[in-house]
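Undergrad: Using my numbering, the first residue of the sequence shown is number 25, and each one after it goes up by one.
Heads up, a few of these hints could be off.
Restricting the straight-line Cα-Cα distance to at most 30 Å, the calculated cross-link-like pairs of lysine-lysine (DSSO-like) are [claimed, not checked]: (1) 302 with 180; (2) 114 with 180; (3) 152 with 180; (4) 119 with 152; (5) 152 with 293; (6) 119 with 195; (7) 174 with 362; (8) 241 with 300; (9) 152 with 114; (10) 195 with 174; (11) 195 with 300; (12) 195 with 180; (13) 174 with 241; (14) 241 with 152; (15) 362 with 300; (16) 362 with 119; (17) 241 with 114; (18) 366 with 119; (19) 119 with 302; (20) 241 with 293.
Derived from the structure by calculation, the hints contain no laboratory data.
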Amino acid sequence: MVDGGTMNRRSQELSMLEKNKCCGWSRFRCCFLILLFTAVAIFYFTDRIAEWAPKTKWALTWWEAYSGANGPYYVEYPHEYHFILDEPEKCQQQKPFLVLMVPVAPYNREARDAVRSTWGSERRVRGKRVLLFFLLALPSGDGMEQLQEKVLQESKEHQDLLQSDFIDCYKNLTIKTMVMMEWLSSRCPNASYAMKIDSDMFLNVNTLVNMLLNAPKENYMTGLVARWGAVLRDPNSKWYLPNNVFSEMIYPPYALGLGYIVSMDLPRKLVEASRKVKAVYIEDVYLGLCMRQLGINPTDPPAGNLFNVVPVNYNRCTYSRLIASTTHSITDQVNAWKDLQKPGPPC
25 MVDGGTMNRR SQELSMLEKN KCCGWSRFRC CFLILLFTAV AIFYFTDRIA
75 EWAPKTKWAL TWWEAYSGAN GPYYVEYPHE YHFILDEPEK CQQQKPFLVL
125 MVPVAPYNRE ARDAVRSTWG SERRVRGKRV LLFFLLALPS GDGMEQLQEK
175 VLQESKEHQD LLQSDFIDCY KNLTIKTMVM MEWLSSRCPN ASYAMKIDSD
225 MFLNVNTLVN MLLNAPKENY MTGLVARWGA VLRDPNSKWY LPNNVFSEMI
275 YPPYALGLGY IVSMDLPRKL VEASRKVKAV YIEDVYLGLC MRQLGINPTD
325 PPAGNLFNVV PVNYNRCTYS RLIASTTHSI TDQVNAWKDL QKPGPPC
């Protein structure tokens with residue numbers, strides 16, 4: 025026989041059980057709704073990211089260049105980059121003998137203006153047409169939107185800027201070099217020669233053209249050629265390559281990146297060779313590897329003092345005979361060119 029107290033307790037237990045069942049059902053509904061909301065949110069934001077990603081190619085390319093399977097020594101090339109600033113008709117319209125390509129950072133307007141006012145202003149030399157282009161990638165960091173607006177305005181003003189959609193930084197110089205080769209191959213195939221030259225260099229276009237009038241028309245690359253260059257294994261070096269990236273002790277011959285010339289058949293061949301050569305971040309070394317893949321050696325210039333990696337103290341006679349030299353400053357670069365334009369024999 026069950027007493028009243030026991031009945032009352034059982035009644036309370038049944039009541040509590042019913043409440044727990046209700047609470048359990050409420051918790052289930054809450055969990056279900058949370059999961060459903062999460063799934064919808066993931067789908068929505070994934071779709072939004074897909075729409076947003078092409079507009080921020082520079083950020084993605086920066087990340088690809090510094091992380092993932094490539095690591096810090098390889099770069100993202102071959103890859104389908106796109107020019108957001110282009111001058112597609114200039115070579116066809118003006119039919120240059122020589123195309124000067126100047127890689128430069130987006131922020132460095134001062135260097136571009138110095139080149140435009142000096143050796144980059146020479147349009148016809150020894151009867152040959154010369155064209156100038158500056159090659160940029162995308163700015164990054166604080167104020168990049170404002171800087172990009174200035175670059176767009178500069179492009180409208182001068183029509184000599186080429187800009188591709190990857191981040192502009194030292195580690196991406198190989199990418200910049202190879203998109204330059206792509207551009208030359210597609211936009212200027214009928215020119216005879218192209219020269220890649222850094223923006224801080226003095227260039228004697230007259231001496232350069234004079235040399236090219238007697239240069240080979242095919243399979244030709246010249247500049248300051250490095251031979252028997254040792255691979256640097258010091259991790260503190262700017263040009264360090266570990267053994268697992270490049271196991272050889274000596275690089276194949278390559279023209280130093282400060283300034284080199286190619287016959288116009290080479291850009292297409294180098295782009296093709298790049299499909300078989302893993303792209304390292306040291307751009308001139310990488311071109312040397314591609315040249316080896318092609319079975320072509322760079323050619324030493326006809327004289328040993330035409331290209332100078334160490335700044336040469338200005339002397340009118342000396343500068344009239346060299347082709348390219350690094351300089352201590354933009355002021356030195358400008359003053360040397362202006363002095364050479366003065367009438368009278370240089371020597």
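Undergrad: Are the hints correct? Go through all of them and say.
TA: Results for each hint:
1. This hinted pair does not check out: residue 302 and residue 180 have alpha carbons roughly 37 Å apart, beyond 30 Å.
2. Restraint check for residue 114 and residue 180: satisfied, since their Cα atoms lie roughly 14 Å apart, inside the 30 Å limit.
3. The hinted pair formed by residue 152 and residue 180 meets the criterion: a straight-line CA distance of about 26 Å does not exceed 30 Å.
4. A distance of roughly 10 Å separates the Cα atoms of residue 119 and residue 152; the hinted pair therefore holds under the 30 Å criterion.
5. The suggested pairing of residue 152 with residue 293 holds, with an alpha-carbon distance near 25 Å, which does not exceed 30 Å.
6. For the given pair, residue 119 sits about 33 Å from residue 195 by alpha-carbon distance, which is inconsistent with the 30 Å threshold.
7. Proximity of residue 174 to residue 362 is assessed by CA-CA distance (about 28 Å); at most 30 Å being required, the pair is judged to hold.
8. Between the alpha carbons of residue 241 and residue 300 the distance comes to roughly 25 Å, so the proposed pair stays at or under 30 Å and holds.
9. About 15 Å separates the Cα atoms of residue 152 and residue 114, which keeps this hinted pair within 30 Å; it holds.
10. For a cut-off of 30 Å, the pair hint linking residue 195 to residue 174 stands: about 24 Å separates their Cα positions.
11. Proximity of residue 195 to residue 300 is assessed by CA-CA distance (about 20 Å); at most 30 Å being required, the pair is judged to hold.
12. Distance hint between residue 195 and residue 180 is fulfilled; the C-alpha atoms sit about 29 Å from each other, no more than 30 Å.
13. A hinted pair counts as satisfied when its Cα atoms are at most 30 Å apart, and residue 174 with residue 241 does not qualify at roughly 39 Å.
14. Proximity of residue 241 to residue 152 is assessed by CA-CA distance (about 15 Å); at most 30 Å being required, the pair is judged to hold.
15. A distance of roughly 45 Å separates the Cα atoms of residue 362 and residue 300; the hinted pair therefore is violated under the 30 Å criterion.
16. Simply put, residue 362 and residue 119 have alpha-carbon atoms about 27 Å apart, close enough for the 30 Å limit, and the pair holds.
17. Annotation: proposed proximity of residue 241 to residue 114 holds, straight-line Cα distance about 22 Å (limit 30 Å).
18. At most 30 Å may separate the alpha-carbon atoms for a hinted pair to count; residue 366 and residue 119 meet this at roughly 29 Å.
19. Pair hint residue 119 plus residue 302 does not hold up; C-alpha atoms about 34 Å apart against a cutoff of 30 Å.
20. With a C-alpha separation of about 14 Å, the suggested pair residue 241 and residue 293 falls inside the 30 Å cut-off, and the hint holds.
Taken one by one, the earlier hints fail for this structure at numbers 1, 6, 13, 15, 19, listed in ascending order.
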